[in-house]
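So the mapping is simple: the working numbering equals the position in the sequence shown, first residue as 1, plus 4.
Keep in mind that the hints are not guaranteed to be accurate.
[Stated by the list, open to error] Dumping the calculated DSSO-like pairs for lysine-lysine here, alpha-carbon to alpha-carbon at most 27 Å:
#  : residue 1 : residue 2
1  : Lys44     : Lys56
2  : Lys102    : Lys124
3  : Lys68     : Lys124
4  : Lys44     : Lys68
5  : Lys124    : Lys139
6  : Lys102    : Lys141
7  : Lys115    : Lys7
8  : Lys56     : Lys7
9  : Lys120    : Lys82
10 : Lys68     : Lys7
11 : Lys102    : Lys44
12 : Lys124    : Lys82
13 : Lys115    : Lys139
14 : Lys120    : Lys68
15 : Lys68     : Lys115
16 : Lys141    : Lys115
17 : Lys115    : Lys56
18 : Lys147    : Lys124
19 : Lys120    : Lys102
20 : Lys82     : Lys115
Bear in mind the hints are in silico, worked out from the structure with no lab data behind them.
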Amino acid sequence: MTKRIAIAGTGTRALNFADGIIQRCQGHSELVGLYDLNDKRMEGFCELIGQKVPSYTDFELMLKEQRPDTLMICVTDKAHPELVEMAFSHGLDAVVEKPLAMNRAGLERIKAAEEKYGRKVMVTFNMRFAPYSAKIKELLLEKPIGEVKTVSAEW
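Could you build all of it, start to finish, from the sequences and the hints given here?
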């Protein structure tokens, strides 16, 4: 069964997820919709990923027309709890870019929504799967300079 995935938020964070869905998970998942409050940003996002994806500024309409089963949440951090709860209330799984929430109240809201709707949220780290991060890992696993004991990196 193919996972039908929608992305909420079409800023930079979402690009790696879209690439993964389109390039690395063909046959397992499909990018079926985009939700953002900025329609011009969605247009630019589609150009960057090289694929026209149905785009919506109305969350409910996107759900009705595209029927995703998973929502990848890539919006501003403070909006994560609200979108997780919206996804759950429509029977969707939710994947959230870190941080899950900005404060304890946000975490409690998500936990309550999990219990109320019987859904689970997953937290991801988008840079871990960026193409250059994956290449660095691949190179280091080949041990071209021996075994690496520690790495210090800043973004």
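Hint check:
1. Lys44 - Lys56: Holds, at roughly 13 Å.
2. Lys102 - Lys124: Given that 27 Å is the threshold and the Cα spacing comes to 15 Å, the pair holds.
3. Lys68 - Lys124: This hinted pair holds, its Cα atoms lying about 21 Å apart.
4. Lys44 - Lys68: 22 Å, holds
5. Lys124 - Lys139: Answer violated: Lys124 to Lys139 is near 31 Å, above 27 Å.
6. Lys102 - Lys141: This hinted pair holds, its Cα atoms lying about 21 Å apart.
7. Lys115 - Lys7: At roughly 24 Å apart (the allowed maximum being 27 Å), Lys7 and Lys115 satisfy the hint.
8. Lys56 - Lys7: 18 Å, holds
9. Lys120 - Lys82: Roughly 21 Å between the alpha carbons, so the hint for Lys120 and Lys82 holds.
10. Lys68 - Lys7: The hint holds at about 16 Å.
11. Lys102 - Lys44: 25 Å, holds
12. Lys124 - Lys82: 19 Å, holds
13. Lys115 - Lys139: 35 Å, violated
14. Lys120 - Lys68: 22 Å, holds
15. Lys68 - Lys115: Holds. Lys68 to Lys115 sits at ~26 Å (cutoff 27 Å).
16. Lys141 - Lys115: 34 Å, violated
17. Lys115 - Lys56: With Cα atoms ~35 Å apart, Lys115 and Lys56 exceed 27 Å; violated.
18. Lys147 - Lys124: Violated, at roughly 38 Å.
19. Lys120 - Lys102: 22 Å, holds
20. Lys82 - Lys115: 16 Å, holds
Checked against the numbered hints given earlier, the structure breaks hints 5, 13, 16, 17 and 18 and satisfies all the rest.
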